[in-house]
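These protein sequence lines map, in sequence, to chains A and B.
At position 8 of the first sequence the residue is numbered 8 (our numbering), and the sequence of numbers has no breaks.
At position 344 of the second sequence the residue is numbered 344 (our numbering), and the sequence of numbers has no breaks.
Hints may contain errors.
Unchecked claim - Mimicking DSSO-like on lysine-lysine, the simulated pairs with C-alpha atoms at most 30 Å apart in a straight line are:
{"hint": "1", "chain 1": "A", "residue 1": "Lys78", "chain 2": "B", "residue 2": "Lys219"}
{"hint": "2", "chain 1": "A", "residue 1": "Lys22", "chain 2": "B", "residue 2": "Lys45"}
{"hint": "3", "chain 1": "B", "residue 1": "Lys110", "chain 2": "B", "residue 2": "Lys87"}
{"hint": "4", "chain 1": "B", "residue 1": "Lys87", "chain 2": "B", "residue 2": "Lys62"}
{"hint": "5", "chain 1": "B", "residue 1": "Lys45", "chain 2": "B", "residue 2": "Lys110"}
{"hint": "6", "chain 1": "A", "residue 1": "Lys62", "chain 2": "B", "residue 2": "Lys220"}
To be verified - Quick look at which bits of chain B chain A covers, simulated, 3 or more residues with Cβ under 8 Å:
{"hint": "7", "segment": "12-26"}
{"hint": "8", "segment": "83-92"}
{"hint": "9", "segment": "342-356"}
Stated by the list, open to error - Cβ-Cβ distance ranges computed for the label pairs, FRET-style:
{"hint": "10", "chain 1": "A", "residue 1": "Ala170", "chain 2": "B", "residue 2": "Gln287", "range": "29 to 39 Å"}
{"hint": "11", "chain 1": "A", "residue 1": "Thr15", "chain 2": "B", "residue 2": "Gly125", "range": "46 to 56 Å"}
{"hint": "12", "chain 1": "B", "residue 1": "Phe294", "chain 2": "A", "residue 2": "Gly222", "range": "55 to 65 Å"}
{"hint": "13", "chain 1": "A", "residue 1": "Gly69", "chain 2": "B", "residue 2": "Arg23", "range": "31 to 41 Å"}
{"hint": "14", "chain 1": "B", "residue 1": "Tyr307", "chain 2": "A", "residue 2": "Glu128", "range": "28 to 38 Å"}
{"hint": "15", "chain 1": "B", "residue 1": "Ile319", "chain 2": "A", "residue 2": "Lys132", "range": "53 to 63 Å"}
{"hint": "16", "chain 1": "B", "residue 1": "Phe26", "chain 2": "A", "residue 2": "Glu30", "range": "53 to 63 Å"}
{"hint": "17", "chain 1": "A", "residue 1": "Lys132", "chain 2": "B", "residue 2": "Tyr307", "range": "46 to 56 Å"}
The hints are simulated quantities; they were obtained by calculation from the structure and are not laboratory data.
Keep in mind that this is a model prediction, so the values were computed, not measured.
Think of the CB as a built atom: it goes at the ideal place given N, C-alpha and C, for glycine as much as any other residue.
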Amino acid sequence: MSVSVKVNGVSKSFTTGKVEVKALQNISFEVSKGEVFGLIGPDGAGKTTLFRILTTLMIANKGEASVDGFDVVKQYKKIRNRVGYMPGRFSLYQDLTVEENLSFFATLFNTSLEKNYDLVKSIYQQIEPFKKRRAGALSGGMKQKLALSCALIHRPSVLFLDEPTTGVDAVSRKEFWELLRQLQTHGITIIVSTPYMDEASLCDRVALMQQGKIMEINSPKGITENFKKPLWAMRSSAMYQLMLELRALNEVETCYPFGQYHHVVFKGNPVSEDDVRRMIGNISQREIEVRRIPATIEDCFMELMHQ
Amino acid sequence: MRVLRILLEKEFRQIFRDPAILRIIFLMPIIQLIVMPLAADYTVKNVKLCVVDYDHSSYSQKLISKITATDYFQLVDYTDSYEKALKYVENDQADLVLQIPSSFEKQVVKEDKATLFMALNAINGVKANLGGAYLRYIIGDFNREVRLEWLQLPRFSPQPTIQISALNWFNPTMNYQIFMVPGILVILVTMVGAFLTALNIVKEKEIGTIEQINVTPIKKYQFILGKLLPFWVLGLMILTIGLVISRIIYGINPVGSILTIYVFAAVYLLAVLGMGLLVSTFANSQQQAMLLSFFIMMIFILLGGLYTSIDSMPEWAQIFTKFNPVAYFIEVMRMVVLKGSTLFDIRVHLATVFLFAIVLNSFAVWNYRKRS
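Work the whole structure out from these sequences, hints included.
And the structure:
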């Protein structure tokens, strides 16, 4: 498969006052054509900065990057014709209608909605009933779909989606990912960032980012398989108390809340429930539910963060 | 061309969809044009006068009634003590004290000469100045009358006297509105041009839409033209509204050609829009843009010759006004409206403002970045 996006040793820092913030530190990765590539990381990891560099809105301090074989600095004009960018914040004209926004961006790219209807059809059809409504009056999910339609209107070969599902309800999020899968069948490379770990498993490959660095790049499966230590989920009637007591134990390596459970990794990697029960024998609480579970991306992320 | 057209289309749609902006654009000039010229009147009327009369003669009576007969003066009190009169001044109830000495009439009759004392409250300099001047003028007039009364007989005055009669050109009745209204109109056109352009572009920055525009292959000049043209048109519309209002309400018919005004305004607006554009490239939020434009406009207006004559400014300020486009337009407006100047007469102004337009716009375009 050919390479669609190539990033090589990119660094970017900002100076606010006298403090220098290193937003990106020596980032390198490659994305193949037609791949859904996820940038997973908490707020402030540098995802947006990376997007801005790749979409030619910002120039990196160091390193080089190319999109579709074009250099992001020297051949930025070529890139602007072939990438679609959906910023994290809704950035379409709220006082223009759905239809007007679409035709506006289509014209800027010298094309029209009719010419690319087949590509945006599945998305646009969902907002078409509201085409006379102003973008500002749309619901959050609808806004996302409109923004995606606008980003797709010129048939980009690479699509950059910056936290497209932040602030969108669970159902819309699911729908959105299904749409991305459909787009993939058109051969569009999709680079998507998200702070939600559960969405990582929907990507072909993900890069885990933290404080401007990429900690690991792998397929979601590969990442979870790299988690070698046995992971235990625990629950009791007093969860906070349980966490404090677990963290106080010498045998416990890490313990963090995860949904309704606490995820715990023990030193010495016990594999049987009896061993675990013995290790937590001194805890005041009885009635503790203990279960061994497979690691999720989030567990891997927590693990990487602690290294 | 298609790109530029859709940009303009979008801009006009947005402007006409925002009722608040529309109101500001069209109502603000109308109200300002109706209110400001009526309020900004330089003729000082109702100078509060306090007379201290130690003489109580028929001459002093005659003088006082002559003074109070005009509508410039308003007699606050007629008293016989200077201290009392000064109290009025201290309490800001009087602007002027005229003291008539006890032997006023006697002196005039016997010695052909008398002195009057005038005290001015100079806290309000303009009022003191003009009030004093009016009073001197009236007293001078009174003096002439007295002399005529006494020296009636000789047909030819034994002493040569020179009398001056003044004739006001271009504005015979010294009507303030005639020269204020065109000036205020300039301010309005400038404000709409500079403020709206700056705010409009900064707004796109603020809500992030510029980001979405910047990733498109749109050219810099297309974007900038798409921003400037709508406000250029709006500026000319405001000018038109203003000219209509000044004709209907103030009966001001430009002596010169309307076309001359439009030609100059068209060029002038380019300079003003360039300024707005420049501000927008520096500002990151609408507040910043607003404050920055307000600061610049303040200086331009105060040093623009609308309220204070440029000729009476200190030399450094006069040099500064050479770089003030507002001053040029105000002068041109007055020249065309009052004097009927032609394009040929304002060629220097026109060329200078055109130069401003080029410099400001080039600087703005150079400073405008699609990427950081």
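Comparing the hints with the structure gives:
Straight-line distance between C-alpha atoms of Lys78 (chain A) and Lys219 (chain B) comes to about 13 Å, which keeps the hinted pair within the 30 Å bound. For the suggested pair Lys22 (chain A) and Lys45 (chain B), the alpha carbons sit about 68 Å apart, so the restraint of at most 30 Å is broken. At most 30 Å may separate the alpha-carbon atoms for a hinted pair to count; Lys110 (chain B) and Lys87 (chain B) exceed this at roughly 34 Å. For the suggested pair Lys87 (chain B) and Lys62 (chain B), the alpha carbons sit about 25 Å apart, so the restraint of at most 30 Å is met.
Under the criterion of a C-alpha separation no larger than 30 Å, the hint pairing Lys45 (chain B) with Lys110 (chain B) is inconsistent with the structure, at around 36 Å. Note on Lys62 (chain A) and Lys220 (chain B): the hinted pairing holds, with a Cα-Cα distance of about 26 Å set against a maximum of 30 Å. Chain A is given as covering the segment 12-26 of chain B, and this holds because 4 residues of the stretch bring a CB closer than 8 Å to a CB of that chain, at least three being needed. Counting residues of the segment 83-92 of chain B whose beta carbon lies closer than 8 Å to any beta carbon of chain A gives 0, which falls short of the minimum of three for the stated coverage.
Counting residues of the segment 342-356 of chain B whose C-beta lies closer than 8 Å to any C-beta of chain A gives 0; at least three are required, and the coverage claim is violated. Judged by the Cβ atoms, the range 29 to 39 Å given for Ala170 (chain A) and Gln287 (chain B) holds: they are separated by roughly 37 Å. Here the CB-CB span from Thr15 (chain A) to Gly125 (chain B) is close to 51 Å, well matched to the stated 46 to 56 Å. In this structure the hint that Phe294 (chain B) and Gly222 (chain A) lie 55 to 65 Å apart at CB holds, the actual value being about 58 Å.
Taking the beta carbon of each, Gly69 (chain A) and Arg23 (chain B) are about 52 Å apart, not inside 31 to 41 Å as hinted. For the pair Tyr307 (chain B) and Glu128 (chain A), the supplied restraint of 28 to 38 Å is violated, since their beta-carbon distance comes to about 58 Å. Our hint of 53 to 63 Å for Ile319 (chain B) and Lys132 (chain A) holds, since their Cβ atoms are close to 57 Å apart. Between Phe26 (chain B) and Glu30 (chain A) the C-beta distance comes to about 57 Å, which sits within the given range of 53 to 63 Å.
In this structure the hint that Lys132 (chain A) and Tyr307 (chain B) lie 46 to 56 Å apart at CB holds, the actual value being about 50 Å.
Violation of the numbered hints given earlier is confined to hints 2, 3, 5, 8, 9, 13 and 14; the remaining hints are satisfied by the structure.
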